[in-house]
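Spelled out from the first residue to the last, the chains are:
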Amino acid sequence: MSLQGTNRETGGVLIVDFSGRITLGDASAMLRRTIRELNASGHKKILLNLADVDYIDSAGIGELVSAYSSVRTAGGELKLLNLTKRVNDLLQITRLFTVFDVQSEEWTAIHSFK
Amino acid sequence: MAPKAKKIDVTLESVLESVDVAESMIMRISDTAGFSDEECHKIGMAVREGVINAYNYGNRKDRNKKIRMIVELAPDTMVVHIVDQGKGFELEEVADPLAEENLLRTSGRGIFLMRAFMDDFRVQNGPEGGADLVMVKKLPIPGSNNGGGVPGKES
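Protein chains in written order, with the numbering used here: chain A, 3 to 116; chain B, -16 to 138.
Keep in mind the hints are simulated off the structure, nothing from the lab.
All C-beta atoms, glycine included, are put in the ideal place defined by N, C-alpha and C.
Derived DEER-like restraints, expressed as beta-carbon distance ranges:
#1 GLN6(A) x LYS44(B): 24 to 34 angstroms
#2 GLU84(B) x ALA76(A): 18 to 28 angstroms
#3 GLY77(A) x GLY17(B): 45 to 55 angstroms
#4 THR86(A) x GLY17(B): 22 to 32 angstroms
#5 GLU111(B) x TRP109(A): 49 to 59 angstroms
#6 ARG35(A) x VAL(-2)(B): 18 to 28 angstroms
#7 PRO110(B) x THR12(A): 49 to 59 angstroms
A few chain B residues that don't get close to chain A, going by computed Cβ distances all over 12 angstroms:
#8 VAL(-7)
#9 ALA16
#10 ARG43
#11 ASP45
#12 LYS49
#13 PRO58
#14 HIS64
#15 ARG105
#16 VAL106
#17 GLN107
So that you can see chain B by itself, here it is in the shape it has in the complex (with noise of 0.2 angstroms):
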């Protein structure tokens, strides 16, 4: 029989102390499904910038406002959610930070960076029709040395 997909749910406030606790859970997480050191920055960091974007974008910093990181471990892959309670965005929309006319831009590369550093990257619209932002990363293989990621992809 398939072992069956773990789900951990967690409520943040919208606050800034919100962005570490998050990125301390999920990098515990990602240590424990057996991510190398290296992965598990980068899942961290990942999902530090999508609190930072539910924080500051979604929820404007709202406190009445929360966001939820869900994260489902099936056999192969983890799958972080990121829902914030704002308007929601279209990914379309979002600004080339490695265009040359962005390069002096002091914001802009959350996104970039979520999905460097993850092995897929949607935007979805939540349940309360806020951003949900969907990051994967396959697990890694075990007695593998890989850590994670998916093999000849940059990340």
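Just chain A, same shape as in the assembly (with noise of 0.2 angstroms):
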């Protein structure tokens, strides 16, 4: 299943519910080319939700790390929320929960951007 993605804005936080595999080829391409349009486009809090993504391959982890440093240089905040258990194990075991701000309810993390 290739990558989807919808944008949606609530309380000023841009929120992209992707669905899908984040792995090497289109998806990774596609999810890259979102970070970059929502970068040009001035977004500065952007919550990704992973809700429908059962699946990463280290193509899409350097993907999520390269979305969350575009989006830090460009000045802003990148969150991910609602991880599904194969996503999150793949994030404890490549350390990058100690990366990304991790949310798993939708509200909360609206208002954990600054």
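Take each chain as given, in its own frame, and dock them per the hints.
Structure follows, in structure tokens:
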């Protein structure tokens, strides 16, 4: 299943609801393009909802790290919301839980942005 | 008489689609071998990372080069080889992706994931000088519900 993304804005936070797999190829490129567009349009508070993403490979992890870095470089914040168990486990074993702000409840996540 | 080992030898093109093909094949083989869904997922991901490594770094996306996936099913283990036609590499030279200074790197986690998801992992020279990634998984014990893996090991 390829990656799909839908943007919505709540309380000044741009939320992207992703579904599918974030893997090497088109899906990673789609994530990169999405983040580039959000940076270009000046969004500083970005929340990636990964509730329907059940698979991320090393290329997808790299793309998430790249997204995190590029949003920060642009002066913004990027957080993750609603990780599936497998994605949660992947971020744990790669120690990326120490990098990403991972939220499990949308309302709390929205209000956690500065 | 002990059952004979089974061997499956597949040659893949150096194209992106081979990553999905190899993952799908090994998951079917693992399922047939009796691994649980979760172990099939981990084995599939390890093999996926192996083929990504062969495609990206070994064969450097050269369509004239091939990737071999060899699966050996012995009575107690499944051994998977991913062999490329590149220049090979030393495992010791691969940076630790868990080191603080490497956490924000956008690549370099594939080898780590192969190690994490399999019971044993090593790199040896392939017959043509490329890398031969060797991944070993213990087969599940019939009648148990552990679905494979080493007891007590985080994988």
